[in-house]
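Whenever a hint applies, use it, and build me the whole structure from the sequences.
All you need for our numbering is the position in the sequence shown, starting with 1, plus 20.
Calculated directly from the structure, the hints in this document are not laboratory data.
Glycine residues also receive a C-beta, built at the ideal position from the N, C-alpha and C atoms.
Watch out, some of these pointers could steer you wrong.
To be verified - When the alpha-carbon atoms are kept at most 20 Å apart in a straight line, the in silico EDC-like pairs for lysine to aspartate or glutamate are as follows:
| hint | residue 1 | residue 2 |
| --- | --- | --- |
| 1 | Lys-586 | Asp-538 |
| 2 | Lys-564 | Asp-525 |
| 3 | Lys-533 | Glu-563 |
| 4 | Lys-663 | Asp-538 |
| 5 | Lys-34 | Glu-125 |
What the hints assert, rightly or not - Just the calculated beta-carbon pair ranges, DEER-fashion:
| hint | residue 1 | residue 2 | range |
| --- | --- | --- | --- |
| 6 | Phe-1149 | Glu-791 | 40 to 46 Å |
| 7 | Leu-336 | Phe-98 | 57 to 63 Å |
| 8 | Glu-791 | Met-255 | 54 to 60 Å |
| 9 | Asn-818 | Ser-979 | 33 to 39 Å |
| 10 | Asn-133 | Pro-377 | 33 to 39 Å |
| 11 | Glu-144 | Cys-801 | 54 to 60 Å |
| 12 | Asn-1031 | Lys-992 | 40 to 46 Å |
| 13 | Asn-818 | Val-218 | 38 to 44 Å |
| 14 | Pro-270 | Val-218 | 47 to 53 Å |
| 15 | Phe-1149 | Val-200 | 54 to 60 Å |
| 16 | Ile-762 | Thr-118 | 38 to 44 Å |
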Amino acid sequence: MAVDELIDHIKICKIRPILLQLHVAPFIILYLGTLLSWKFYFQNEENYFTFIVISSSIFIFQIFIGLFSLWFKEFYYFLSCKNEKNIKNATHVLVKPTINNGKCEILPINYDNLINGEVKIWIEFQKVVYVYDENKKQFNQLEFDNNKSFNFFNSWLGLTSDEIITQTRLKYGNNNMEMVIPSFMELLIERFIAPLFVFQMFCVVLWFLSDMIFFSLLTLAMLILLEITVVLEQMKNMKMIRDMGNKPYPIDVYRKNEWIKIQSNELIVGDLILIDRNLKNNIVPCDLLLLRGNCILDETMLTGESIPQMKESTELLSKENYFDYKRDMKLHVLCGGTKIIQNTYEYNDNDALPKPPNNGVLCYVLKTGFSTSQGSLLRTILFGVNKITTNNFETFIFILFLLFFAIAAAIYVWVTRSLEENFDKFKTFVRCSLIITSVVPTKLPIVLSLAINQSLEALNKLGIFCTEPFRIPFSGKIDICCFDKTGTLTTNDLIVNGIGYIDEDKNICIKNKNEISDITLNVLASCHSLIILDEELIGDSIEKESLKWIEWSIIENDLVLSNDKKSSTIKILHRYHFTSQLRRMTVISEITSNDNESSIIVTVKGAPEVLKNMLISIPEGYVNGYKKLTQQGYRVLALGYSKLKNINKNNIRYISRNELEKDLTFAGFLIISCPLKIDSKAMIKEIKDSGHNIIMITGDNQLTACHVSNELQFTNELKEIMILGNENDKWFWQSINEEKKIELKNESSDFFNLYELCVTGNSFDYLYKNERNFLKSILKCIKIYARMTPKQKEEVINELKNQGYTTLMCGDGTNDVGALKHSHVGVALLSHPSDTNETEEINEQIPQIPEYIRIFLSPDHPYNKKLKEQQQQMFGEIGLKKNSIIKLGDASIAAPFTSKFTSISSICTIIKQGICTLVVSLQMFKILALNALISSYSQSVLYSLGIRASDYQMSLKGSLLSSCYLFVTASKPSNKLSKKKPISNIFNIYTILTIFFQFCIHFASILYIVNLSRIYEPQVENTTLETKFTPSLLNSSIYLLGMTLQISNFIVNYRGQPFMESIFENTPFLCSVTMALSIIFVFASNTLPIMSNFFELVQFPDDFKNKLLIILFGNIITCYIIDKGLNFFIGDNY
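Here is the structure:
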């Protein structure tokens, strides 16, 4: 059982003494045995080579064992650690994280002696502290003891002594969010002992031993230069991430019965602090509980909510109620990293605390350091870079597949050369090793990381930020796209259409603001959470539009007055804020008439079905009325009120919410329309036409959701929508007009073909708890989920994932966070001053000149100048910089992907980029496989004949191929989503067959050229591995053929449209392959003899030259026809 979402399991252990570790002790015995065998057996010259092979093999094996223990901590655990059952005897732990959360680590166990005599046993993994539980005999994530009553918090007097402060600091730590940056040499050594670099160094040594000194030194210099560049960029990014954390600043804290100033990084759990908008950068230093005063926060970084959130103190809450972090976070918790926009606090002389030194709000420190909300996001960004991975199992099988052919080629060379009289075992062994290592695609991790990093940068430029890069390829495999409705598909620019009353005929009549009653005006004017900030009205869009519609204004916070100043004045006394679970809001207000008569009124607004049970009498036509309105696509809120008589305002806090929300009088329906975003219909059509299933998961009314889904064509317009309902504990499907009812478990095979299904939160809850198997069977048929709570949204996503679907969830706020984080690809839409339409306007101004013409224009050409200016303007408009590192304000903890735009066009962008990355990754597997096989077999042919390539030839080949590898990963996605889906894994019949047939063509070409070379230039003298390199027809032709085949693999296997730009649109890549083929043509056609001589190539006879050119370019054409033909019949074009 997993420890938590981060750690799968933890094993306690003790590290053995160095001489008893398995990568040391057995090898001491082996070395002693080898020395003894030298003395008694290997001293004669015949067995000298065998002794060298055995001793060097033992040494190399030990080196690799040591390296493997560095690379794989589980292997180190096996070699060097002893499993311990008693924590007191243990010194270290093996931590295995959950999937996509990093690698295994061996960590030291820390012991802290607390003042009360207890010992805190703890470890730290990825900045998260885990404490050992003696009772459960396991490590658990550090828990902050906040499960206390509000009476405890409100009467708390801070940390009163040095002993308590020390004890708390030892138990929970302080508020440090500092990231220690390793030195340049530490990072460079870490890169040098990485598996890829070690393998590349091994290859360099083999090349050096094969007398390719220039090539090996050039490669070594390039490798070291590359690693230095990577380390410098890594240090730059780490410094940038470190700077994201809060810088320590002075803050007022109440300790030891007095107000003192300390640095914010010295805060500990239990501190009482003052915090106001005058703080440095207005940043909240850690997670705080608001005890006194009120404030307004900007929580964009955390939840994606663009609307500032009001926070209220816990003073008026029931003393007996206990604090619940998840429940109370929205209203009473100030999360670390958020910004204070406004705060108010009036000191009460009866307070047990002395008068504070400033007007900040009083808060209790709940969590500190990396345990805070801001710390969580920093950890995600910091350790997210370690998650850029591929499918390791598929990669391993892929390399084993190639290794089989390489070993066969190496055996052929060994057997062929062993027939020579002067058989040089050492040289032949080196050459065979080169053949085997040539099939291991050392460039694979680099090119795949390049592809993902290119995608990250491309998304960043479009205002989409990703904190978990490993999810990018997932977005190319999406099966189902899930959308929230309000704020995601519809705009936040709401329109109040009027108030719905029930007339004498039991029908709904809609009245405008001049026709509604005074009591309805009072309900609308009082039941809201709006505030004034810098003379601007801040709050929910519905409430702002409602207040604007009735022409009332907030004079100051909690004081509301009509614009004509003829109506009553309303003073808001207490609010019970809207929550998704309760689906209603309640406010207690004091209404003062013009003749100074005052009364206290309770106003409630919420979902009609919720308020229905609170009304003292339900008007006839109530249910049919709101259902008819929602069927027309309106958002409908029921309004209710009651009057409180003979009550003291000071006693309001003691009345329970349930008491206030009963025996209400109906005051009408607030009718609102939510226009669709301009591009929602077009984007949904593009996603749907591309073969993705789309569903809606919303907290809104089911009938409104059905109306919107019809408008956006989530559902088939030819199919009737059936909503799962309940009557007298009997569940059934019913049509929107309620004229048709069908039993829940319908046995008709045509049911799902005739109807589209919609479930509500209540019906989903019933199916989830009582009919789980039936729910699984119909899950793929449900297109609309309405009246869903945040938890239910999350459950829908998890059920879809459990059935094997790759899911995408798009939402815009707090209610969607659970679903966003649990989906394979979660996209949070943030509000931003600019939007897609602005970007499109800028793009439209840029004149369209074809790419093939633009490449010939000079940088100073007026077109290029104008293009550059307009691109800079675009980046300036949307506030973006060309930088792939994610900044704290760019991303939110709401989702792995965060879009700066409110338009769902970002979903199409992410899917396109994901498809492009996926296709690039898969085509690289094909290219690398074929190139490795060609390299292996062309080397085996040359080595078997005692021939090799020269230093300069290998250097030229390496340079040309590197440019192709670089530019092929920079491919851009197609402009439009394709109806076809790309192949999502390596092992499929198309990929295997195309590699097989292409290799057969390549191998036949190699054999033909070898035989042709022997005809034109028979081998007279018997060459050996000791023979000095001399250019020959065979060497030159095989070199050119091998390079052509490898370049042709890029051309033939480049996927292009409809998933990514075509080879002609990818200008850098087109130029690189054109240049490579041009150089090959110059060599093969004897155009520049001086160039051929420099690279040690012979001049080809005319007849041979023509045949060689036919083979070179005929091979490309044949392989192209084979690949495209197989793709058409059994590939993603099928």
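Okay, the hints, checked on the actual structure:
no.: 1; hint: Lys-586 - Asp-538; result: holds, 12 Å
no.: 2; hint: Lys-564 - Asp-525; result: violated, 33 Å
no.: 3; hint: Lys-533 - Glu-563; result: holds, 15 Å
no.: 4; hint: Lys-663 - Asp-538; result: holds, 14 Å
no.: 5; hint: Lys-34 - Glu-125; result: holds, 14 Å
no.: 6; hint: Phe-1149 - Glu-791: 40 to 46 Å; result: holds, 43 Å
no.: 7; hint: Leu-336 - Phe-98: 57 to 63 Å; result: holds, 59 Å
no.: 8; hint: Glu-791 - Met-255: 54 to 60 Å; result: holds, 56 Å
no.: 9; hint: Asn-818 - Ser-979: 33 to 39 Å; result: violated, 50 Å
no.: 10; hint: Asn-133 - Pro-377: 33 to 39 Å; result: holds, 36 Å
no.: 11; hint: Glu-144 - Cys-801: 54 to 60 Å; result: violated, 47 Å
no.: 12; hint: Asn-1031 - Lys-992: 40 to 46 Å; result: holds, 44 Å
no.: 13; hint: Asn-818 - Val-218: 38 to 44 Å; result: holds, 41 Å
no.: 14; hint: Pro-270 - Val-218: 47 to 53 Å; result: holds, 50 Å
no.: 15; hint: Phe-1149 - Val-200: 54 to 60 Å; result: holds, 57 Å
no.: 16; hint: Ile-762 - Thr-118: 38 to 44 Å; result: holds, 43 Å
Violated hints for the displayed structure, listed by number in ascending order: 2, 9, 11.
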